[in-house]
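Visitor: Turn these sequences into a full structure, and let the hints guide you.
Per my numbering, the very first residue in the sequence shown carries number 4; after that it's consecutive.
One or more of the hints may lead you astray.
What the hints assert, rightly or not - Result set (DSS-like, lysine-lysine): computed pairs, CA atoms no more than 25 Å apart in a straight line:
#1 K845 / K890
#2 K603 / K726
#3 K229 / K56
For the record, the hints were derived by calculation from the structure and aren't laboratory data.
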Amino acid sequence: MAFAATAYAQDAQQTQAAEGQNLQRVEVTGSRIATANLESVSPVTVVGAKDIKLEGTRSVENLLNNLPQVFADQGGSISNGSSGTATVNLRNFGADRTLVLVNGRRLPAGSPRNTAADLNQIPAALIKRVEVLTGGASAIYGSDAVAGVVNFIMNDSFQGVQLETNYAFYNHEQKGGPAAQAANRRKFPVPDDKSADGKIKDANLLLGGNFADGRGNAVAFFGYKKEDALLQSERDFTSCSLDGFSSGNTFNCGGSGTSFPGRFFTAAGQRTVADANGNTRPYVAATDQYNYGPLNYFRRPSERYTFSSFARYDITEQMRLYTEASFHDDSTVAQIAPSGLFGFDASGANAIRFENPFLTPAWRRDLGLTGPGTTADAIIFRRNVEGGGRQDDQRHTSYRGVIGVKGDVGNWTYDAFLQAGKVLYSETYFNDFSNQRIGRALNVVTGANGQPVCQSVLDGTDTNCVPYNIWSLGKVTPEALKYLQTPGFQKGSTSQTVQGINLSTDLGEYGIKLPTTSRGVGLAFGWEHRTEKLDLATDTAFETGDLAGQGGPTLGVAGQFSVRDYYAEARIPVLEKLPFADQLTLTASYRKSDYSTGQKTNSYGVGAEWAPVQAAKVRFSYQRAARAANVVELFTPQGLSLFGMSSDPCAGAKPSATLAQCQLTGVTAAQYGTIEDSPAQQYNQISGGNTGLAPEESDSYTLGLVLTPMRNLSLTIDAFDMKVEGTIGGLSASTTLTQCIQTGDPKFCGLIQRDRLGTLWALNAGRIVATNQNLGMSSTRGIDLGANYGWKMGSYGGLDLSYIGTFLDEFKQEDFPGSGEYDCAGLHGTTCGTPLPKYRHKIRAVWATPWRGLEVGVTWRHIKGVKLDATSDNPLLATEFEPADEKLAARDYLDLVGQWAVNKNVTLRMGMNNALDRDPPVTGVVAAVFGNGNTYPQVYDAMGRHIFLNLTAKF
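Guide: Below you can see the structure in the form of structure tokens.
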């Protein structure tokens, strides 16, 4: 179980002293001063190698997501909107505001599509421990450490051979809950119980040994991992998409208006295909909407190869040469519902012609085609069920190397290094439709041989065109699909180079210390130069927006920046071994950063540790941190994309906004009350970069108490208060719409453009401008708790108890200055995003039995319930909602694990996470991207009972 590092460090230090060992000076996360005191002024949570194995998880993102300080972000359970990476999000400030380190040095940007560090680069089996510092740390580590730092300390001094194999799967009993009942009412298929699916297999080999008479050591690690796909159709609570169609206390299956066999806006109203003879009938949303959920991946398949090596060689007793090298190659596929005609505008050159031989009399009647030469306009929404799901095949390949030299010169410790990292990215998007080809394939005439033929074939515009018959059931041919389904290609890279040197010393060796303490002043200072580059190239299909299922163009981006950092840190012992002052230490840090973009930042921090007695310590820290805009935020071209919103207040037969309010957003009097809302709750926006962005700034305060009343008991309580201002991002499109309606301010209303139908989603002309700016504010405060107790039970063995929990008091946001704040603590939804429970904890007990080599453990994980943000009494959040969607109930998970050391070489381990097979809470309203399958699978154990087996052999 993770626990507060301070207590651990104190125990370790006392143990070493008791054994008469020399205390080695080392750096701890949160400081660059090498010291024998392993404690940090800021609270640090530590997860050790044994705890990692007891977790039973083989993904680093899931390991971290189980910590109460971490909130959901990109990972293997994200499909629609997946970047193909795994990221960590401390305090819900965003993955870009969490700095990820390996052995104290930063990782490169994880992908051209998501600049946060990719946790998939880090093999879980090689981790010695994880140190998580929450609170600003930019003065120590530089930009991005706004919410905190996650530092992975790797097993880089191993000796011997270790072979490890793992096998895991999900076992699930379908519960037939409210979501499954909704599927049954619509006669959608629901799955049977699953004995074993979503299988995970991995194996790794670790080699290490000393050389040169112990002056050197080298370690090599090889790993392989494969995860099977899991479709939403394999769980009864995701058998249909609820999508905000709840009524009262009842969930109902919703879906997409881009349906099958189609939704046609015609002169006769909304029509659809009735049969294979081309008859028509009215389109009925309640029964005709497309159930897109079952084809979505609940967990993506992936295959990963990893390699890492570490080497060190003591050139002299005072100089050590060291190197690190790592490689990972990860392939994954994100599958979502089929592509199709997403509001294809059949007007103008694409108008439907009377001469189309596929048109039946019923269709000519509904379209208003009266005779040869006449044309009709239509808007067509049709799902390509014949072609199968859209598949986003993504591959990330990373290379990273470090070389450095460190040692001592007199009383000074130095560390000079060079590091370089590069991530190669490639993407092939399958089974999407070409908008251009749709128009050609629908423009069909009768050829000279009496057979249907594309007009573009006859006039030579496109001789490859194949007619697309969507006017009768079962008439779409494989040849037509082959023509229409167009792959999209993207490729790119990120790269990072860092050069730096750090010097530290204990000035006590020069007599610089206060007379009230025996310890001298600790000092560290240094210099770093870092360059970040990113490029993403997209093919014509992506760049022109020709792919129908993308929601608009995907534009390439390229850019780079460099930064020079100068930093200093001091640790000043003030009092020692005095009444009511067993120890009093002050700390200070400062960093100046100069960016090639013209921006400059100053980060700094102060802290204090006061131990009135040896068994109790009070700690305080303040940090001013900064985050400069990354390449994507600076240089992304502006283009069309999608955003989530529960409803358009100006849509529907009875809009919730008045006519006067809706006219401010571009609605005409004739359109009011007739505008069709988006069934998928997705709308168009214009997003993109801004080279004039200023750095974000944050202030973090922590105040804590550490108690060690006895050698085997430690207790910690830490209050945190954090705030970041000038957050970079596009003003939420939904906020822009709300502000326009409520205030009529032209600076909001001028950003809204409706299409000719009055919608913000059906045609590309309908959109809200939401480009990057320094806009908002986010703040959070709460309390972290930790406890550890070790009980030696004599002949009954030993029992280790641990607890970690977080009370979240508030998480406030302000979208732009003066807009007003809203508190998302205890909420989730389209505005607040991923669930922010007010309390989470993990409690673990591990019993080392008296039977040789046998340990058993049990963990209780608790996530407090959250409410839909629309239920808030804050007018910035409050909207209409149905009681069924009001809340996500609390969840309690029981994890069981056992391990048996067969002998000194072989260990067997097995366990069950979510042993009681609890279903996740479900709802009809989830946040975009992180909501998947009517729930949040990155937050809750969504796939059932997770059973894992492990064999470790050491020689």
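Visitor: Take the hints in turn and mark each one as holding or not.
Guide: Evaluated hints:
Restraint check for K845 and K890: satisfied, since their Cα atoms lie roughly 22 Å apart, inside the 25 Å limit. Using a Cα cut-off of 25 Å, the hinted pair K603 and K726 holds, with the two alpha carbons roughly 20 Å apart. Restraint check for K229 and K56: satisfied, since their Cα atoms lie roughly 18 Å apart, inside the 25 Å limit.
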